[in-house]
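Peer 1: Under the UniProt record's numbering, the residue at position 1 of the sequence shown is numbered 1, and the numbers go up by one with no gaps.
Bear in mind the hints are in silico, worked out from the structure with no lab data behind them.
Being a predicted model, the structure only gives us computed values, none of them experimental.
One or more of the hints may lead you astray.
Cross-link-like lysine-lysine pairs, in silico, PhoX-like; alpha carbons within 25 Å at most [stated by the list, open to error]:
#	residue 1	residue 2
1	Lys738	Lys642
2	Lys742	Lys642
3	Lys467	Lys437
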Amino acid sequence: MSGQRHATMVAAATLALTLTPLIGIFEGVGWTVPVLLTITVIATAGSLIRAAGRGQGLQTVAMCAGLLVVLTAGFGDGTALLFIIPLPATFEHFGVLASEGVAGIVTEAPPVAAEGGILFLTLLGIGLVAVLHDMFVVGLRTPALAGLTLLTMYLVPVSVAPDATAWFWFILPAVSYLWLLADDNLRRVSAFGHRFTGTGQLVSQKFPSPMARTARWSALGFIVLTLVSLTVVPTNTSGFIDRVAEDWEGGGDAGLGDVNPWAQLSGSLNRPEEVDVLRVSTDDPSPPYLRMHVLDELDSDGFGPNDYDDHQSLDLEEAEGETFTADIENLRMEAPVVPVYGTPVDLSIDGNWDRDADTGVIIGDNSDMGDVEEYTLTYTDQEPDAETLANADGMDPSDERWEANTEHPEVAEVSSHVDEALGDADTVHEKVLAVYKYLSIGNGFRYSLETTEAGNDEAIVDFLETKEGYCQQYAAAMAWMLREADVAARVVIGMSQGSRDGDEWVLTSHDYHAWVEVYYDGPGWVMYDPTPSAGVPGAVSTPWATEPAPEGEPTQEPDATADPSEAPSDATPSAEGGPTAGAEQPTDSPSLQGAEDGSEGGSGFNPAWLLLLIVAALPFLPALARGLLRRRRLDPARLTAKTAWDEVLDLALDYGVGLSDSLTPRQAAGVLGQAAPGAREAATVLGSAMARHRYSPSGADPTGLADAVRDLHTELDKNAEPRRRYQAMFWPASLLAKASAKQAEESARLARRSARATDRVRSAVRRPRRSNSRKDRSVTGRP
C-alpha cells in the first residue's frame with residue numbers, strides 16, 4: 001500500500017471515529033450506514049485521482065463530485081438521470097429538502113429521526129468536512145489543520161445538545177487527532193532511510209522505538225490528566241444553546257410541534273416556518289391555554305422540567321365549574337405528554353397514559369402523541385374571582401410540595417428587584433399582583449424579540465435590568481420573583497388559544513407559549529400571564545389578575561390599553577409572540593431560549609452566519625494558497641530543480657532570509673545554511689541542483705529535492721521567531737511579493753500598450769515634409 005492510500009484510509013477512519021457524538025443526536029444507529037458510505041465514496045474518489053497523478057484541484061473536484069453522486073442517489077427522488085446524474089429538478093428538490101431540514105432542526109429536539117431533510121443536511125455537512133479533512137491530511141500534508149475538521153465534527157453535536165452527549169465522547173476525537181499526527185510523523189520519519197538500533201543493528205520500519213513508547217505513555221498521561229482536571233476545574237458547560245434536548249431519563253421524542261420544556265432567560269427565539277399542529281372542535285366559546293409541561297426546578301439558568309416520576313393511573317375525577325368537551329385532531333405533534341385544557345375530568349385517547357400527581361401532566365407510558373390521530377377531552381375551566389384570591393392564603397410551609405415550589409438560587413440583585421416590586425404587599429394575592437405589575441409596560445418593561453446582554457452572571461438579572469424580553473423571560477422572571485417572596489409558583493409550557501377557522505380552532509407551531517401558575521389555598525394552581533400581548537394574538541382574559549372591587553362596585557376588568565398586568569391581552573395568555581403578530585414559538589433547542597428571527601415567517605436560517613463563516617475563513621486563505629503552490633511545485637510529476645529552487649526562494653522570503661539577486665545558487669545555499677544550520681546539507685543539495693540545471697547540458701536529477709525542500713522548510717520554521725513563524729504561515733511575504741510583481745508587470749504592460757497607441761495616433765496625424773520645388777514634388781531634406 002502506498003503512503004498516500006494509507007493516509008487516505010487513516011483520514012477516513014479518524015473522521016468516522018469523530019462522529020460518535022452524533023449517537024446522542026439521532027435515534028438508533030441506522031444513520032451510520034449512509035454517513036460511512038458518504039465518507040468512503042469521498043475518500044475513494046480522492047484516492048483514485050491521486051493515483052492518476054493529478055493535482056489537489058482535481059482531487060477536490062472529484063471528491064465534491066462523489067458527494068454529489070451520493071446525495072443524488074439517496075435523495076434525488078427520481079429527478080436524476082440514471083439515478084446519479086443530477087438535473088435542475090434535482091437541485092430544486094435539494095432546496096426543498098434543505099428547507100425541511102432547517103425547519104426540523106429548529107422544531108425538533110434530540111434524539112431525532114435521521115431521515116428526510118435532516119439526514120440530507122447531515123450528509124451534506126459531513127461530506128464537505130470530509131473533503132476538507134482529506135485535503136488537509138493527504139493533499140496538503142498538514143495534519144495539524146485537520147484538527148479543525150475533527151473539532152468541528154465534535155463541537156456541532158455538543159453545541160446543539162450538550163446534555164445529549166457525554167464527556168467520554170471526547171476521547172475518540174482526541175485519539176483520532178493523535179493518530180493523525182503520529183501517522184504523518186511516522187511516514188515522514190520512514191522516508192529518511194533505513195533504521196538502526198543504538199548498537200548499529202539494521203531493523204525494519206515497524207521495529208518498536210523506545211522514544212515512541214515514551215511518547216505514547218506521555219500522551220496517555222496528558223489525556224488522563226486533562227479529563228481528570230475537567231471534573232475538578234469549574235467550567236461553563238452550557239454550550240451554545242443551553243440545555244438542548246433535555247429529556248427525562250434521556251428518552252422520548254420531540255418531533256415537529258413539540259415544545260421542549262425549558263424556559264430560560266437569555267438569548268432570542270428563532271421561529272421556523274409556521275405549520276399546523278392541532279385542530280380543535282369545542283363547545284367552549286373561548287378555550288383557555290393548552291397545558292403541556294410544568295417546569296418547577298429552578299437554577300440560575302432558568303426553570304427546568306419536572307421529572308414526572310410520580311405516575312398514577314389515569315383516573316380523572318369530577319371538578320367544580322362549567323364542563324366543556326373538545327375533540328382534538330393531531331396534525332403533526334409528537335410529544336410524550338398530552339396537551340389538555342383546564343382541569344380534565346375525562347379523556348378518551350389511544351395508548352397507555354398516566355397522570356403525574358405533582359403537576360397534573362398526562363404523560364405517556366411508552367406512548368407518544370405521534371401515535372395519536374385524535375382524542376376527546378372533557379374539562380372544566382378555572383375562573384376564580386379576584387375577591388376569592390385576595391382572601392386566600394398561599395401554600396402551607398408544612399406542605400411536602402412547599403420546598404419544590406419555592407426553592408430558588410440566592411441572587412442579591414434579584415432580591416433587590418423583589419423588594420422594590422413588593423413594597424407594602426403582605427398577602428399572597430397582593431404579592432402576586434405587585435410582581436405582575438412590576439413586569440408591566442407601565443414600569444418600563446417592553447416586549448422585544450431580541451434582548452440586550454446586560455453583562456450579569458445570572459440571566460434573570462439581564463432581563464430585569466434591560467427590561468426587554470418575551471414570554472419565556474417574563475414567565476420565568478415572575479415565577480422566580482414570587483418564589484423569592486415565599487409564594488409557591490412554577491412555569492407552564494403549552495399552547496395558546498390559536499386562531500379560529502370557522503367552528504374550529506387551529507393551533508400552529510407559532511402558538512407555543514409560557515406562563516405562570518401560582519398556588520392559592522382553596523382555588524389551587526391559578527394561571528397568570530405577565531407577557532405583554534402587543535405581538536401575541538389569541539389573548540385570553542384573566543379578570544382575576546386585578547385588585548378586588550370595593551363593595552357595591554363591579555370588578556374592573558383589565559383595559560386593553562393598560563399595561564400587561566391590567567390588560568386582557570397583556571395580562572394573559574396568547575400565542576407565543578413572533579417576529580410579527582405571530583406567537584412566540586419555542587424552538588426545539590432544549591431550552592425555550594432560542595433566537596427569534598427578526599424577519600416575518602423566517603425559516604430559521606440567518607444569512608449573517610454564512611457571512612460570518614466567510615469572514616472567519618479569510619485569514620486562512622493566504623496559508624491555503626501558499627500550501628497549494630508548494631504542493632504543485634513539489635508534485636513528482638512536475639518537480640524539477642527549477643521548481644524546487646523557486647520554492648526555496650519563496651521560503652527564504654517568507655522567513656526573512658535575505659538573498660541578493662547577485663548570488664549564485666551555491667552562494668545562496670550558503671546563506672540559507674547559516675540561517676538554518678540543521679538544513680545546511682539540504683540547502684547545499686538544492687543549490688548544487690540549481691547550478692547543474694543552469695549550466696549542465698544534462699540538467700539535474702530531481703530525486704530527493706522535494707524532501708530537501710521540506711527539511712529546509714522545517715529548519716527555517718524551527719529557527720524563526722514566533723512572530724515571523726506565524727507571519728510565514730498565515731501571511732507569507734512571497735505571496736505579497738508575487739502580487740506586487742504581478743501588479744507592476746501589469747502596470748508596465750498597460751504603459752507599453754498606451755505608448756504604442758499614442759505613437760500610432762501621432763503617426764496618423766503627422767504631415768509629411770515637402771520641398772519648395774513644385775515641379776517634381778520631390779521631398780528634400782534640410783540643408
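Peer 1: For each hint given before, does the structure comply? Return the numbers of the non-compliant ones in rising order.
Peer 2: Every hint satisfied by this model.
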